[in-house]
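As given, the protein sequences belong to chains A and B, one line each in that order. Under my numbering, the first residue of the first sequence is numbered 5, with each subsequent residue one higher. Under my numbering, the first residue of the second sequence is numbered 122, with each subsequent residue one higher.
A portion of the hints provided could be inaccurate.
Stated by the list, open to error - Here are the computed distance ranges between Cβ atoms for each label pair: (1) B:Asn247 x A:Gly258: 53 to 61 Å; (2) A:Asp23 x B:Glu146: 33 to 41 Å; (3) A:Phe114 x B:Val147: 50 to 58 Å; (4) B:Tyr167 x A:Glu228: 38 to 46 Å; (5) A:Trp289 x B:Lys190: 35 to 43 Å; (6) A:Gly258 x B:Leu234: 55 to 63 Å; (7) A:Thr82 x B:Asn243: 45 to 53 Å; (8) A:Gly284 x B:Ala155: 51 to 59 Å; (9) A:Thr352 x B:Leu234: 31 to 39 Å; (10) B:Ala158 x A:Val169: 37 to 45 Å; (11) A:Ile131 x B:Ala180: 49 to 57 Å; (12) B:Asn247 x A:Thr352: 36 to 44 Å; (13) A:Pro282 x B:Ser211: 25 to 33 Å.
Bear in mind the hints are in silico, worked out from the structure with no lab data behind them. We treat Cβ as the ideally placed atom computed from N, Cα and C, and that holds for glycine.
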Amino acid sequence: MSVLRNVGHWLEERFQWDDLVAPLREKTVPVHRLSYWYFLGGITLFLFVIQVLTGILLLLYYRPGANEAFESVQYIMTQVQFGWLIRSIHSWSANLMIFTAFAHMFSVLFLKAYRKPRELTWVSGVILLFLVMGFGFSGYLLPWNTLAFFATKVGTEITGQVPIVGKPMMIFLRGGEDVTGATLTRFFGFHVAVLPGLATVLILVHVLLVQRLGISIPPQLEMEWDANPSAKREMKFFPNFALRELMAWYIALGVLGALAAIFPWNLGVKADPFAPAPAGIKPEWYFLFMFQTLKLIPAKVWFIDGEVLGVLAFGLAGLLWVLLPFFEGDHPSRMKSWITGLAIFALTYMTGMSLYGHFAK
Amino acid sequence: MASGESLGNPNQQQPPSVLRRRFVEVLLGSGFVATAAAFVYPVLRYLVPPTTSDLGSDAVVAGRVGELKPNSGKIFRFGNRPGLLIREASGEYRAMSATCTHLSCTVQFREDLREVWCACHNGKYNLDGRNISGPPPRPLEAFDVQVRGEEIFVRRRRET
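Hey, can you work out the whole structure from these sequences and the hints?
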């Protein structure tokens, strides 16, 4: 151990990081019956790291291009040792990450952790959620199978519905008028370079904000603890909470490994731009509530195209969602505010529409 | 030395050196802006994909006589877009664009419905290509069909 201490001392003399990590030693996590929800952000981060690692592994064999992509993924899954497992983990981890990110967001809403001064933590988090969905959308196309081909066609076409900027954006995304190999090349670039870069910066900002501002206590509990300080419970972040988080990661890894091994991800059929869309085609589950909503809007509402209306409504809703904390004052009388109601509505709507979309013909 | 004095005495009005400073600021500023523009403009143009000369000719061979049994359909290539060739139960041929006018999925002929159907959002068209149910906002572009010998030619309709 003395060798380690010497090395630590030697590095400390050169980096002088003691001051930097000092706050981490003081940091505490409030302990109460809802503390378990604090793990979700960390689990999402853990799954993101898994994505980066398995993504790098997939890059060793994956080849972007309309004539090679499907075959290279097929090669990974059938020829490369444990290739099926790596790809399966990448796909499952992606889906779990989106799920935990959504769960994290709703837990933050219900525990009211977005309140002042944590508005920017919320903003960066919601943008990260959108980025994660962008990862999902771009990554979905990469195996170049039929489902992905038509999902991308529909998804980019929806972008094209936005007035004025829609068409140029669609052409930018597709790399042309149609979904072709050029689209695949672009999506590959977004998926492995643009999005990871943006996400890494935003994750750093997000985590830094959590470090600076400390962990939020639900307002109800805060009041109780203010009235009766002896009831206050907390634990040290390091090592007490960090070790618990590590256990959560270990469980997440177990779930991930089991899912990936027991239900390996399908590859499907190679995309053919000259084949009709297969029956029962649907987007990934996290886009299903939007898909189903668009499906239910009539072709014309008054004089506006139904699609345009739906896209604008979702765009506006997304923007307002990012700015959500700024609509709530920090006035105590508004504690039981409408935001909780809105969160319940959003959760119910998204779950209901997703289930409807899943079971609808 | 004038500039040195002006820095030392900010309260004193010294128009020539202030002017000179302003001139240098504007020169530098516009230089930066010009440099930035010189970088940004090519990048923006680079992001826009080149337009491909699409469609080629206005007519293609969509299939051969005898290839399609009555009441069936097939997808053919029309330039780099898909087209749909249908043989009705009566034996008559029809052709139209196979790109759904809703969100541009590729449609198919449903033998059971005797209609054109899009699997993505359950849009339906009749055999003239007219949108009859579901979300499609416009009819499919109909093409002219000519049978010449063994080959079935599909031709884009002239704009009138």
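Problem set entry | Assessment of proposed distance window 51 to 59 Å (beta carbons of A:Gly284, B:Ala155) | Given range 51 to 59 Å: holds, Cβ gap about 56 Å.
For this session: Using the Cβ atoms, figure out if B:Asn247 sits within 36 to 44 Å of A:Thr352.
Result: holds, 39 Å
Problem set entry | Range agreement (Cβ of B:Leu234 with Cβ of A:Thr352, hint 31 to 39 Å) | About 35 Å separates the Cβ atoms of A:Thr352 and B:Leu234, which means 31 to 39 Å holds.
Exercise. Are A:Gly258 and B:Leu234 spaced within 55 to 63 Å by their CB atoms?
Worked result: Between A:Gly258 and B:Leu234, where Cβ atoms are some 48 Å apart, the hint is violated.
For this session: Could you tell me whether the CB distance from A:Ile131 to B:Ala180 stays inside 49 to 57 Å?
Result: holds, 50 Å
Exercise. So the hint says 45 to 53 Å: do the beta-carbon atoms of A:Thr82 and B:Asn243 match that?
Worked result: About 35 Å separates the Cβ atoms of A:Thr82 and B:Asn243, which means 45 to 53 Å is violated.
For this session: State, for the Cβ atoms of B:Tyr167 and A:Glu228, whether the hinted interval 38 to 46 Å holds or is violated.
Result: violated, 59 Å
For this session: Could you say whether the range 33 to 41 Å given as a hint is met by the Cβ separation of A:Asp23 and B:Glu146?
Result: Given range 33 to 41 Å: holds, Cβ gap about 39 Å.
Exercise. Taking 53 to 61 Å as the hint, is the beta-carbon distance of B:Asn247 and A:Gly258 inside that range?
Worked result: Check passed, 55 Å falls within 53 to 61 Å.
For this session: With 37 to 45 Å as the target window, see if B:Ala158 and A:Val169 comply at their CB atoms.
Result: violated, 21 Å
For this session: State, for the Cβ atoms of A:Pro282 and B:Ser211, whether the hinted interval 25 to 33 Å holds or is violated.
Result: holds, 29 Å
Exercise. How does the Cβ-Cβ distance of A:Phe114 and B:Val147 compare with 50 to 58 Å: does it lie in that range?
Worked result: Holds, at about 55 Å.
Hint compliance for this structure: hints 4, 6, 7, 10 are broken, all remaining hints hold.
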